[in-house]
Each structure stands twice: as C-alpha cells, then as structure tokens.
Amino acid sequence: MKTKKSRIYVLISVLVALLLIIIIFKGNYRFSDYNVVLITIDTLRADHLGCYGYFRDTSPNIDSLAKDSFIFENCYSPASWTRSAIASIVSSKLPTEHGIYSEDKKERLSSGFFTIQEFFNEKDYATAAFYTNPHLNFGLVQNFGYTYSKANEAANFVYDKAINWIKDSSNNKFFLYIHNNDPHTSYDFHPGFSFAPEDSKYRFLEPFFPVIKDRSGITSENKNGIVKLN
1 MKTKKSRIYV LISVLVALLL IIIIFKGNYR FSDYNVVLIT IDTLRADHLG CYGYFRDTSP
61 NIDSLAKDSF IFENCYSPAS WTRSAIASIV SSKLPTEHGI YSEDKKERLS SGFFTIQEFF
121 NEKDYATAAF YTNPHLNFGL VQNFGYTYSK ANEAANFVYD KAINWIKDSS NNKFFLYIHN
181 NDPHTSYDFH PGFSFAPEDS KYRFLEPFFP VIKDRSGITS ENKNGIVKLN
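Under the UniProt record's numbering, read the sequence shown as residues 1 to 230, first letter to last.
To be clear, the hints were calculated from the coordinates, so they are not data collected in a lab.
Quantities reported herein were computed from a predicted structural model and do not represent experimental measurements.
Any given hint could turn out to be false.
Quick list of in silico lysine-lysine cross-link-like pairs, DSSO-like style, CA-CA up to 27 Å [stated by the list, open to error]: (1) LYS173 x LYS161; (2) LYS123 x LYS106; (3) LYS67 x LYS173; (4) LYS161 x LYS150; (5) LYS93 x LYS106; (6) LYS150 x LYS106; (7) LYS123 x LYS105.
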C-alpha cells in the first residue's frame, strides 16, 4: 500500500511541476521577428521526392533543404482538391468547418475566418501571395498586403517575381506565400487507364488559353503538357 501511495504522490508532484512550468513560461512567450515563407505545390506527391525515399533524383533542392529541416512523415491533406485543402491551411479549419466542398463559385472562404495572413498583418509583417491556381481567388488570399496571380504561369517566373518583391519590400519582416501549379501537367498514360474522351480535351485546355495567347510564363516543359490547337 505504501508503494502504491508513494507512486501516486510522485505522479501528483510531477503534474504540479509541469503545470507550474506551463504557467511560468506561457506568459514569457514572444513572437519572434522571423521572416516566414509558405510554399504549396499543386499535386506534388511526397513519395516522388528524394527526402521521402524516392529512388530518382527528382528534387535535389528540396532534398538539400530537408537535410537541415523537420520532415513530417505522417502529414495528410484535409481534402483531395486545391480550394478546400488550401482553405484549411490558411484558416486552420477542416472542410466540415469552412464549408468548401465543391467547385461551385458560391463556395468561398468566409471573411469571418481568421487566416494566417491576418495573423501576420496584426504582427506588422508585410504580407504577399504569389499564386497560379485560380481556386485561390475564392477568399483564400483575402487580406494579403500584395497579391500576384497568373493562371498556370511556370514556377520559375513566379519565384523570380516573389524574390523581387522581397528585395523591394521596405518592411524587414515579411510573410510570403507561394502556390505553383506545375506538377499538375503533363500526365502520362498508364496501363488500364485513359484520359477523358476526345471531345472533352479542349475543355481541359481552357485554363491554359490566357497563357497560350500571350506566350509568356511558359517553358518548354509546360508546352509538353499542352495539346496542339488546330
């Protein structure tokens, strides 16, 4: 009995000590003046990155960064498509909470949700978003201090513009968000699978029309993912 009571007393003492540590240090926490860069890449598979064990050298720069970084091995998207998933990232809410389930134009992130960009705005950070997926126009980049968007523009052009924004920023503290779409195409045939019927391929190309029209923001790799228009 004495041994059992002693264990209970020890457990209570440990819990009290932990509670005191939380109380003491919680009040001393201060948000540090670090610059923050958030990058999301459409349809990029973790199992095709070297830092997650892929056998091909597909991601040398990401792998180099990963060597000195925390890697989350059990991280899952809250949704299978862009608008709903990114809404969860910027709002910290599940799709069941923010309510974005379909591509209906009426479904957008409500201004009533407190977003990560608003958090940094309150900390006097300069905030900017550079993105190439139109789904982000549905309330996901609201209240950024600066936004740049061009549908399906190649990543190297987008990152160059983002770097220039950093250089031109008069504020030493910044939160920068970049979302690029490059891995979304091109797609290869796999045995047993096929693309949509022939008469639907032009509907698939519709998002690329602005890029094709002015020929800017497109690389040779992008061209491989676009069917020639006759």
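How the hints compare with the structure:
1. LYS173 x LYS161: Holds, at roughly 18 Å.
2. LYS123 x LYS106: violated (31 Å)
3. LYS67 x LYS173: Holds. LYS67 to LYS173 sits at ~26 Å (cutoff 27 Å).
4. LYS161 x LYS150: holds (11 Å)
5. LYS93 x LYS106: Answer holds: LYS93 to LYS106 is near 18 Å, not above 27 Å.
6. LYS150 x LYS106: Holds: LYS150 and LYS106 sit about 22 Å apart, inside 27 Å.
7. LYS123 x LYS105: violated (32 Å)
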